[in-house]
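The opening position of the sequence shown corresponds to residue 1 in UniProt numbering, with each subsequent residue numbered one higher.
Simulated from the structure, these hints should not be mistaken for laboratory data.
Just so it is clear, CB atoms sit at the ideal spot from N, CA and C, and this is done for glycine as well.
Be a bit skeptical, because a hint or two may be false.
Stated by the list, open to error - What follows is a list of derived Cβ distance ranges for each label pair:
no., residue 1, residue 2, range
1, 207, 89, 33 to 39 Å
2, 88, 224, 18 to 24 Å
3, 93, 36, 26 to 32 Å
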Amino acid sequence: MKSVLITGASSGIGLKLAEDYAKSGWKVVGCGRSMATLDALAERFENLSTLQFDTSDKKACEEALVSIDSNLDLIILNAGTCEYIEGGLVDADLFQRVFTTNVFGVVNCLEVLQKTYTNGTHIALMGSTASYLGLPRAEAYGASKAAISYLARSLSVDLSHLGVTVSLISPGFVRTPLTDKNDFPMPMMVTPEEASDTIRKGLEKQKEEIHFPRRFSFILKFIAALPVWLQLVLVKRLVRNAS
Numbered sequence: 001m002k003s004v005l006i007t008g009a010s011s012g013i014g015l016k017l018a019e020d021y022a023k024s025g026w027k028v029v030g031c032g033r034s035m036a037t038l039d040a041l042a043e044r045f046e047n048l049s050t051l052q053f054d055t056s057d058k059k060a061c062e063e064a065l066v067s068i069d070s071n072l073d074l075i076i077l078n079a080g081t082c083e084y085i086e087g088g089l090v091d092a093d094l095f096q097r098v099f100t101t102n103v104f105g106v107v108n109c110l111e112v113l114q115k116t117y118t119n120g121t122h123i124a125l126m127g128s129t130a131s132y133l134g135l136p137r138a139e140a141y142g143a144s145k146a147a148i149s150y151l152a153r154s155l156s157v158d159l160s161h162l163g164v165t166v167s168l169i170s171p172g173f174v175r176t177p178l179t180d181k182n183d184f185p186m187p188m189m190v191t192p193e194e195a196s197d198t199i200r201k202g203l204e205k206q207k208e209e210i211h212f213p214r215r216f217s218f219i220l221k222f223i224a225a226l227p228v229w230l231q232l233v234l235v236k237r238l239v240r241n242a243s
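Make a model of the complete structure from these sequences and hints.
Spelled out as structure tokens, the structure:
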């Protein structure tokens, strides 16, 4: 039986991934902050165990994950958060909150779990298409996901000699509790079910990057390849049209 550990498994994409991998017969370790949701998951699936902790708390992360002493086939570090700044006014506390969860939460898990790496281990880090280019109000969120993108690519190089594969997951807008709070148009939004299906298929193929929805992500990738001045013009126009 293959095994997968998923952080952020108590809501959104992580919850759906945990359900779908459990239904597919994988041994699942679902990690999250909501004990009620995790308990409900464990009651539904005999092949699913849970760990309740906050990935941004280094000590809690160490205490929870120290129990993982066997090799994992797949590690999906999905837990994250999103906050936006207003009018370009930098809020250092906001940046710290976002980076503590989105970047250091991932690093906290990697530090503890690296003892389980073996030839064939597959690591997946949750990035975002928001990291492709500068988007309004996303200074903190986009920068944190750009850090994850760089981390994934660097780890892919450094861990290749161990036979460890690293994938970057770059979703667009997915209907989750996080996006439900957004007060702006979200084009080409997909459901958690669609996201889980795309992610699992991509991971099965061991893709270096799994980006979706494809049309949305390709538009952003195309704009990101243009000169910076033209990127700014097009992003402003897209935002104006979306509004």
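Against the structure, the hints come out as follows:
Against the hinted window of 33 to 39 Å, the Cβ-Cβ separation of residue 207 and residue 89 comes to about 38 Å, which satisfies the hint. Range check, residue 88 to residue 224: Cβ separation about 20 Å, and the 18 to 24 Å hint holds. In this structure the hint that residue 93 and residue 36 lie 26 to 32 Å apart at CB holds, the actual value being about 29 Å.
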